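Take these sequences, add in the hints, and give me the full structure.
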Amino acid sequence: MFVLSFLLRRLLQGALIILLVTFIIFTLLRVVPGDPARLIVGGMAPDEVVVMKAKELGLDRPIPVQFVSYLGDLVTGDLGTSFVRPKSGASLGGSSFDDATREERAKVLDLILATLPMTLQLAAVALALALLVAVPLGTLGGLYPGRWPDKLALAIGSICVSTPNFWLGIVLTLFLSVKLKLLPAIGYRGFSYTILPAIVLAVEIVPFILRTLTVSVAQVMREDFIQLAPIRGLSRSRTIFSHALGNSAIPLINLLGVQLGMLLGGVLVIEFIFDYPGLGLLTINAVLQRDFPLIQGIAIFISVMFVMINVLVDLIAMTIDPRLEY
Amino acid sequence: MADIAHENVAPRPAAKRGVTPTRRMLQIAAARTDFRIGLVGFALLVGLAILLPLVSPVDPIKIAYGSKLLPPFPAEGWKWPYLLGTDQLGRDVLMRCLVGLRYSLLIGITTVVLMFVVGCSLGLYAGFRGGWVDAVIMRLTDAQLSIPMIILAITILGVSRPTVPAIILVLGLSGWPLYARVARSVALGERSRGYVLGERVLGASDLRIMLLFVAPVVLPPIAFVAVLDIARMMIFESILGFLGLGVQPPTPTFGNVIADARKYLLNAWWIATMPGVFMLVSLTCLNLMGSALERARNAVLRGEA
Numbered sequence: 001m002f003v004l005s006f007l008l009r010r011l012l013q014g015a016l017i018i019l020l021v022t023f024i025i026f027t028l029l030r031v032v033p034g035d036p037a038r039l040i041v042g043g044m045a046p047d048e049v050v051v052m053k054a055k056e057l058g059l060d061r062p063i064p065v066q067f068v069s070y071l072g073d074l075v076t077g078d079l080g081t082s083f084v085r086p087k088s089g090a091s092l093g094g095s096s097f098d099d100a101t102r103e104e105r106a107k108v109l110d111l112i113l114a115t116l117p118m119t120l121q122l123a124a125v126a127l128a129l130a131l132l133v134a135v136p137l138g139t140l141g142g143l144y145p146g147r148w149p150d151k152l153a154l155a156i157g158s159i160c161v162s163t164p165n166f167w168l169g170i171v172l173t174l175f176l177s178v179k180l181k182l183l184p185a186i187g188y189r190g191f192s193y194t195i196l197p198a199i200v201l202a203v204e205i206v207p208f209i210l211r212t213l214t215v216s217v218a219q220v221m222r223e224d225f226i227q228l229a230p231i232r233g234l235s236r237s238r239t240i241f242s243h244a245l246g247n248s249a250i251p252l253i254n255l256l257g258v259q260l261g262m263l264l265g266g267v268l269v270i271e272f273i274f275d276y277p278g279l280g281l282l283t284i285n286a287v288l289q290r291d292f293p294l295i296q297g298i299a300i301f302i303s304v305m306f307v308m309i310n311v312l313v314d315l316i317a318m319t320i321d322p323r324l325e326y
Numbered sequence: 327m328a329d330i331a332h333e334n335v336a337p338r339p340a341a342k343r344g345v346t347p348t349r350r351m352l353q354i355a356a357a358r359t360d361f362r363i364g365l366v367g368f369a370l371l372v373g374l375a376i377l378l379p380l381v382s383p384v385d386p387i388k389i390a391y392g393s394k395l396l397p398p399f400p401a402e403g404w405k406w407p408y409l410l411g412t413d414q415l416g417r418d419v420l421m422r423c424l425v426g427l428r429y430s431l432l433i434g435i436t437t438v439v440l441m442f443v444v445g446c447s448l449g450l451y452a453g454f455r456g457g458w459v460d461a462v463i464m465r466l467t468d469a470q471l472s473i474p475m476i477i478l479a480i481t482i483l484g485v486s487r488p489t490v491p492a493i494i495l496v497l498g499l500s501g502w503p504l505y506a507r508v509a510r511s512v513a514l515g516e517r518s519r520g521y522v523l524g525e526r527v528l529g530a531s532d533l534r535i536m537l538l539f540v541a542p543v544v545l546p547p548i549a550f551v552a553v554l555d556i557a558r559m560m561i562f563e564s565i566l567g568f569l570g571l572g573v574q575p576p577t578p579t580f581g582n583v584i585a586d587a588r589k590y591l592l593n594a595w596w597i598a599t600m601p602g603v604f605m606l607v608s609l610t611c612l613n614l615m616g617s618a619l620e621r622a623r624n625a626v627l628r629g630e631a
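Here the protein sequences line up with chains S and E, keeping their order.
Just so you know, we're using this note's numbering here: the first sequence kicks off at 1 and counts up by one.
Just so you know, we're using this note's numbering here: the second sequence kicks off at 327 and counts up by one.
Treat the hints as calculated values from the structure; they're not laboratory data.
Please read these numbers as outputs of a predicted model, since none were measured by experiment.
C-beta atoms are modelled at their ideal positions from N, C-alpha and C, and glycine is treated no differently.
It cannot be assumed that every hint is accurate.
To spell it out: a stretch of chain S is covered by chain E in this simulated footprint if at least three of its residues, at any positions, have a beta carbon under 8 Å from a beta carbon of chain E; those stretches are [as the list claims (entries may be wrong)]:
id : segment
1  : 14–24
2  : 60–74
3  : 225–238
4  : 268–281
Taking lysine-lysine pairs in the DSS-like style, the calculated list, with each CA pair at most 25 Å apart, reads [claimed, not checked]:
id : chain 1 : residue 1 : chain 2 : residue 2
5  : E       : K589      : E       : K405
6  : S       : K181      : E       : K589
7  : S       : K107      : S       : K87
8  : S       : K179      : E       : K589
9  : S       : K151      : S       : K87
10 : E       : K388      : E       : K589
The structure is reproduced here in structure tokens:
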């Protein structure tokens, strides 16, 4: 029952936040210079065509009216239609208004759903790699604060967080795929194409996990229930594995929820460098082509994911530590 | 005022009276090896970036075909004064890195100052006032935290001309909510402290209490951690440059130099690699300093030092 009321409250809050987000993004994209109707029909189209297109899309109405009708579509799951991307999947369709090859534009939601699995795959591999490296290192660092494992964790974290991802991507491509021919790098033609981008993304995630884990393990180890464990006759390894680690995981899980946005920034750039056909590449191309409905749709889609992941994170944290209340 | 700040953060033994927590944090940090390494390295790089372009006759922008694609120092065929080699247009890589570092630092530091000022003043106000002001500001931070700001940032910079002030503004406005949250939570705790009540009794206005008495207690620990954010913003700036949405060429920045040099990676690896190494070193120094400060702060706030 408690979980139900929690879910209901959080989902309501989430809906409010998403409404706010939609409003902010919608207005921002309307305020920036650039006429969408002109963008759709192309620079060479005569003015009448532009005006006609604007009327057809309802762009000549006041912004609040447009917003309400956009919201109406949004509720039914319709995120609108891309300005430049055709249904066939090419990145640019005939751009001029009288181009014979010009075809029906793709739905924003379809574009997002088509690229999302690729990004999830990349993110999952990267997260697994990062956890594999950072969890042992961070735990050791927290168990021996001030000693060499702690210093090692700090040093590795500092170097990883200081590495610009796009540069690392280029350098790794040069060494691993051009010089050593170990891994393929550019594009996507099978799972092996995920590994190199995932390594770069993992390097970006590692420092956050390391920092949080070192601090939280060190903190939990100072707690009374751990300090008193030897008196209860528990061995050190038993204390650490079954009492300390679970409790130290909570800040880590919270971190994953909060840092999603930052992770996304990394995904964007990394997909761009490796030409990896995921949500990030779609976003960058949408921005470079000024495809406003697509940008708007992606931004809203991501905030929905953000809200849902945070609810999920809180639920998991509550299961681990029943003392927590939200 | 120092005494008030000191007594209210954590009660100290009599011997340490008169030393403010901020001072103590700095002392602890300065005693750490990693902080010293970071400080020395960073000071050297910044000194180099500020001074060398002033005194050197080498122009980072001027094209000189006679000296194009010279390799860096130990490799065969390098020429003085091009220690790190030259790029495809004969421009000195070292000088371009240093100018890039200047822009990177300028944007990084101003952005963090902007974030800090906006976030902390809103957060302080929200925490100190409470009630509906608090609720509105906090919901605003919630909303902004759930907008993927990088998308908005690149959209705004992609549509309008990316100038230095525009970049600072966009990055700064995307980062304030975290500061607002932290400042608010600390201010909430300070609100009912004795010294605030005392000032109230004396008839001080809210603004006076906030700026003169609460802010000096609350802000320095947050400012310590902001050093880490400078590094983060410098990376962000270079990402924008890499995507072509940062400071525009011919002005060299880390991002646009690396993006440009990608084409010459196979026959002139140093053009893309050197700026990256430069960034890596300067950011590592900055991060070492930042994390040492953060640890010192945590130690003081826990009451261990």
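> Which numbered hints does this structure break?
Replying inline: 2, 3 and 9
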